[in-house]
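Peer 1: Protein chains in written order, with my numbering: chain B, -9 to 297; chain S, 9 to 300.
There could be a bad hint or two in this list.
To give an idea of the chain S side of the interface with chain B (calculated C-beta under 7 Å), a few residues [unchecked claim]: (1) Phe74; (2) Ala129; (3) Thr132; (4) Leu133; (5) Gln192; (6) Val196.
Chain B residues, not near chain S, derived (Cβ > 12 Å throughout) [said to hold, decoys possible]: (7) Leu9; (8) Ala11; (9) Ser21; (10) Val71; (11) Arg72; (12) Tyr105; (13) Ala112; (14) Pro138; (15) Tyr192; (16) Asn227; (17) Thr241; (18) His269; (19) Val280.
Hints in this document: simulated from the structure, not taken from any laboratory.
Here the structure is a predicted model, which means the values were calculated and not measured.
Each residue gets a CB set at the ideal place from its N, CA and C atoms; glycine is no exception.
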Amino acid sequence: MTEKIASKKVAIYFFPILLAAILATTPSFLSPYVISVIFFLLVHLILGQSYDLMGGYMGYVNLGHYMFFGIGAYAFSIFLVRGFSVATGLFMAIFVNVVFSAIIAYPIFRLRGDYFAFGTLALIVLMEILAFNIPSLTRGPEGLSLPPGYFLYQAYYIALAVALISFFANYKILRSKFGMALQSIREDEEVAEVMGVRVFRYKIITFATSASFAGIAGGVWAWYLSYIDPPTVFGLNVALIPIAMVFFGGTGKLIGPAVGVLVLGVLEQVLWIKLTHFHLAIYGAILVLVGIFMPGGLVRSRLFRRL
Amino acid sequence: MTPFAIIIQIAIGGLLLGGIYALIAFGLSIIYGVSRVLNLAHGTILMVAGILASWLFFTLGINPVFVGLILIPIFFAAGAAFWRGLIKPLISKSRLEFVIGSVLVTVGIMTIIDDVTVFVAGPTLRSIPSSTPSLRIGQIVISSNRLSLMIVLVVITIALHLYFRKTFIGKAIRAITQDMTGAQLVGVDISKMNMVTFGIGFSLVAIASVFYDLMFSIGAYMGFPLTVKAFTIVILGGLGSLVGPVIGGLILGVAESFTAFYLSAKWSPALSVIILLIILVLRPQGIFGKKE
């Protein structure tokens, strides 16, 4: 019995680190295009895993999760444009998100369940409008251009490191007392409160944590793109993609987001290349089919268990 | 124009806009109340209806009223089919899978519709133009077009109110919204009601789209922001209330019109979210909601 647990633990640590090591060597022999695709997947993995911390473990579906990404991107860019270092930019991407999430937690956690999901979605719309309408800070619709430079590889390594950290963070949290508290909130919030779980405290901490990871993802993404504007980082058409990926892979499971991001991300690239029209429609059709036949996600399906 | 006349003018425009919002939000509210589905594709349905309405208007050359009458049965059937084909398979699954499944399905449908619409109809904005004489009441100028729209809106609202009060289906829908098990115990057929509710919701959206075409214009990708606005109205108006979304929509419409005039048009879309946040802090169950 202990050997089984021990070997599973080893596997959880071994495979991701091995994979990360392999990915760390790839820039030397893979084309920049492939590296940018992997970078895209890594960024979405960070987004997916940070989303699932609140959505999957605590049961609060934050459809507006992408807003932390956007805020992180803007915070990073604003500081970089004013001459601060990349490290400062990334730090601010985290810091601004922590402050923002702490403040917004008070009104937004008055909503529960489905209503929380939509309240957070509304927040992302608000962020986009704010980004459009405060040009002194964000240059409005013309967007922010970062100091010129091609930083794919640096951004790639940071994203790889952060993705690995967030994966292990989720793993540790899942197995800790903190994680049990989160899951108890998911299962029955009132009972959890009665049993002594300081529910609001956990909500705020989880909110801020998931915001921070998403913020770093936004920062490195902005660094790579060298230019951001409101629709790119707050747009509703891209905002649900990371969450759809998590749902696809399986929310609430440790490797769910990873599976979802990998499959759907690669699929999106293939469709984009192979089809001139309708690639989004096919993508949508796949979402519909998964929704009807495998709503628990790939990880929970019988297909997966047979592998 | 005296300031008073200006205010009345803006208020009328706001009520018209609010009426459109109210129709959309009301449809969304009953769909959620009965099926517990987060219909993320709601605004996109409006977009399709609007483009279809505009196309019908130009190809058939008929009065917008008839366009609306043509669209209503089409969209009713579409709504019923939507539930039957896409949502019904999910009701046997667990709560978690139901929510995720419905989100995936509605987001998927939204993506498909957006993509296909852009391909078929192109990126140009569509509308139904109207040139009608203006009336003067004292110092207020109002186009007879707007006036007739307002009258139609009022009629529809009264009709809906009576429908939900007096008819069996209306009462059944209210019953399911309040207590699904209780409704089943008194003999309400949930499957049929779900299809009818989706049908009504979609039809209301189709009607709203005709109004929308007359007052503004419709283009692809406009759907989702409208869906979000509709949901904020539903939360604003109050959970579990049928009057809530209507009043919430009217309030928002008027508020947006005044903001656009006195402040600047670019802030009015943000208004719905700001009002929502304020209401959440002061009265979390919404204006007409009951505490759950």
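Peer 1: Are the hints correct? Go through all of them and say.
Peer 2: Hints, verified against the model:
1. Phe74: 31 Å, violated
2. Ala129: 13 Å, violated
3. Thr132: It is violated, given that the least Cβ distance between S/Thr132 and chain B is near 17 Å, above 7 Å.
4. Leu133: Cβ of S/Leu133 sits 17 Å from chain B, so the hint is violated.
5. Gln192: Violated. Min distance 21 Å.
6. Val196: 22 Å, violated
7. Leu9: 27 Å, holds
8. Ala11: 33 Å, holds
9. Ser21: 29 Å, holds
10. Val71: 23 Å, holds
11. Arg72: Nearest chain S Cβ is 25 Å from B/Arg72, so the label holds.
12. Tyr105: 5 Å, violated
13. Ala112: 5 Å, violated
14. Pro138: 30 Å, holds
15. Tyr192: B/Tyr192 clear of chain S: closest Cβ-Cβ about 19 Å, beyond 12 Å.
16. Asn227: Incorrect as stated: the minimum Cβ-Cβ distance to chain S is 7 Å, not above 12 Å.
17. Thr241: 6 Å, violated
18. His269: 8 Å, violated
19. Val280: 6 Å, violated
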